[in-house]
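Chemist: According to my numbering, the sequence shown is numbered sequentially starting from 1.
FYI, nobody ran anything at the bench for these hints, they're computed from the structure.
Hints are supplied without guarantee of correctness; some may be wrong.
Claimed, not checked - Derived pair list, reagent style DSS-like, types lysine-lysine, alpha-carbon separation capped at 30 Å:
1. Lys-285 - Lys-267
2. Lys-221 - Lys-131
3. Lys-23 - Lys-38
Unchecked claim - Derived CB-CB ranges, DEER-like:
4. Ser-234 - Arg-320: 44 to 54 Å
5. Lys-214 - Asp-298: 52 to 62 Å
6. Leu-220 - Pro-313: 33 to 43 Å
7. Asp-298 - Ser-234: 55 to 65 Å
8. Ala-215 - Tyr-329: 31 to 41 Å
9. Asn-355 - Ser-73: 23 to 33 Å
10. Asn-216 - Lys-271: 43 to 53 Å
11. Val-168 - Gln-286: 46 to 56 Å
12. Asp-300 - Ser-255: 51 to 61 Å
Computed from a predicted model, the values in this text were never measured in an experiment.
For glycine and all other residues, C-beta sits at the position ideal for the given N, C-alpha and C.
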Amino acid sequence: MASAYSSTPSLQAQADTLSRRVKQLINTRLKAICKQEKLGVTGVKATLQQRVIDHIHQRARSGDTAAIARLTSEIHPQGNPPPTGAPAYNLSSSPPAGSHYTMTNGYTTGAHGSSSRSHLASHQRRINYKKSPFYEILESVTKELEIPKLEGHRQSLALKMELLAAQVDRMKTEQNLRIMLFCAGDPIIGSSLSSVDIAFPHQLEIKVNNEEVKANYKGLKNKPGTTRPVDITSFCRTKVAGAENNISVMFALTSKKYYMQGMLVKKHSVKELTDRIQNGNQITKQRVINEMLAKANDPDIEATSTTLSLKDPISTLRLRYPCRSITCYHNQCFDAMMFLELQEQAPTWTCPVCNKVVVFEGLAVDQYVEEILRETSKSTEQVTIEPNGVWKVSAESTSNSRNSAPDDDDDDSDDLVEISGYRLKDLKAETPVTPYSFTNTPPLPDPTSATRNGTGGAGSKRKAEVIDLTLSDDDAPAPKRPVHSSARSSSHLHDPLRNGYLTPTGGSTTLSSNVIDPFRINSTSSNHGFSLPQPSRTTPQQGDYSRGYPSTYNR
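Sequences and hints are given; from them, build the entire structure.
Modeler: Following this line, the structure appears as structure tokens:
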């Protein structure tokens, strides 16, 4: 009895230490302790804390050393991080210079009484994230930051990171090492035993050394597990050991708690993973044929020929690395590199053919399809497979490859048609070239045809215009404008001051002879049998549909 009483002060001191530690635990740890001690697990955080503290003091008062030792191991598990609710600026990735005593739980006590952690203890990760073939988590480089539930205004938390000399040297020699931020939402069941998906708060802003990190923090909508970790390597100081990196996390409207931590990971490229698939599992040709023969011999199934596409269902390009999962029952393959590039952006890990969940370790190269790709031309898009496994190039694929070449005689082509030489010659003979200053003046109709068709011209049918597509805008003739009956005279001669054309008094049967070069016209001319009056400077009256000479010829 005296022995038990003499140990009471020691047990009471341990109880006080455990009580202070309990006030810094999170709900998940509190519920786990209550469950181990057969206490109630319902209630808010304060209720759970008080329940555990009362139980600790009760065991201490009764002198139950075994219970105190058990509670100590539950509250201070070996290698667990310190309380995540502590301010980030009170913790560092390396122990302070004055630290001299290390507790059994991995905590260090400094000379000034401040609690800090050693590098090994502070970088232990509590959450086990789901594995990915694109990266391998080596170690944590920051503490675990708890993002509390916040339904009001925005809040900012700070996180510090300092790399050790060994980590800096390793990053210099291994170029595929990266620093990434991982995050998971509450509840985290099983802690270190189960694996959880990566999930960030919906409203989140991260800055590293005052530079904003632009990244996709959400993944695909309504598809958990499609979020990727955030690579912050380019924002960190990784050249000098002990260089301080400040990470600022700003968040708002969080409906639950989140836990964020920086990790040093080894990243694997898509090409590296593709080579790993090619050198890994193989679906042999004989295995594929045996499966086809088994289906053909099934009396309940009518065996018919099937069509196998040689195009990737993701990129619709011809397959280069044909693969499929060993758990899939279809013969259709997808391209391994295209599939991995898609999973790197949004890791859904579902088969693009049958939507069955697949794993990277279950992907294998189909040697049967690989042989078909080697023995067919690049233009072949599909083959026909008989029930016995014999394949042949389908007629439809052959016709498609033939039709893929452009047809020069296709009438539906939108290419410009070049007019032959004799047609071009006839068109140019029918279309006289007019001076640039007369391009807006309607041409003079043929007096002979006008006399033949009658003076009114009301019942005559206008000829269809021929459009020459080879002429440019500068060479094209001016559009013909109908001549009003009021502008005609009994002799079918037009006033040269109205439309800029000169007609000899005797008339002419050719249209080209009516066009006079204005640069060769003198004030008087005896060669043509008429005199040129001076152009009028008056403005044409209303109702006059003709034009006078340009002002450049008024002398």
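Chemist: Compare the structure with each hint and give your call.
Modeler: Here is what the structure says about each hint:
For the hint pairing Lys-285 with Lys-267, the CA-to-CA distance comes to about 33 Å; that exceeds 30 Å, so the pair is violated. For the hint pairing Lys-221 with Lys-131, the CA-to-CA distance comes to about 21 Å; that is within 30 Å, so the pair holds. Between Lys-23 and Lys-38 the alpha-carbon distance is near 19 Å, which keeps this suggested pair within the 30 Å criterion. The hinted window of 44 to 54 Å between Ser-234 and Arg-320 is violated, with their beta carbons roughly 31 Å apart.
In this structure the supplied range 52 to 62 Å holds for Lys-214 paired with Asp-298, their Cβ-Cβ distance being about 55 Å. Checked against the hint of 33 to 43 Å, the pair Leu-220 and Pro-313 fails, with Cβ atoms roughly 19 Å apart. Checking the proposed 55 to 65 Å range against Asp-298 and Ser-234 shows it holds: the Cβ atoms sit about 58 Å from each other. With their beta carbons about 38 Å apart, Ala-215 and Tyr-329 fall inside the hinted range of 31 to 41 Å.
Asn-355 and Ser-73 have their C-beta atoms about 46 Å apart, which leaves the hinted 23 to 33 Å range violated. For Asn-216 and Lys-271, the Cβ-Cβ distance of about 23 Å falls outside the hinted range of 43 to 53 Å, so the restraint is violated. Evaluation of the 46 to 56 Å hint for Val-168 and Gln-286 yields a pass: the beta carbon distance comes to about 52 Å. The given range of 51 to 61 Å is respected by Asp-300 and Ser-255, whose C-beta atoms sit roughly 52 Å from each other.
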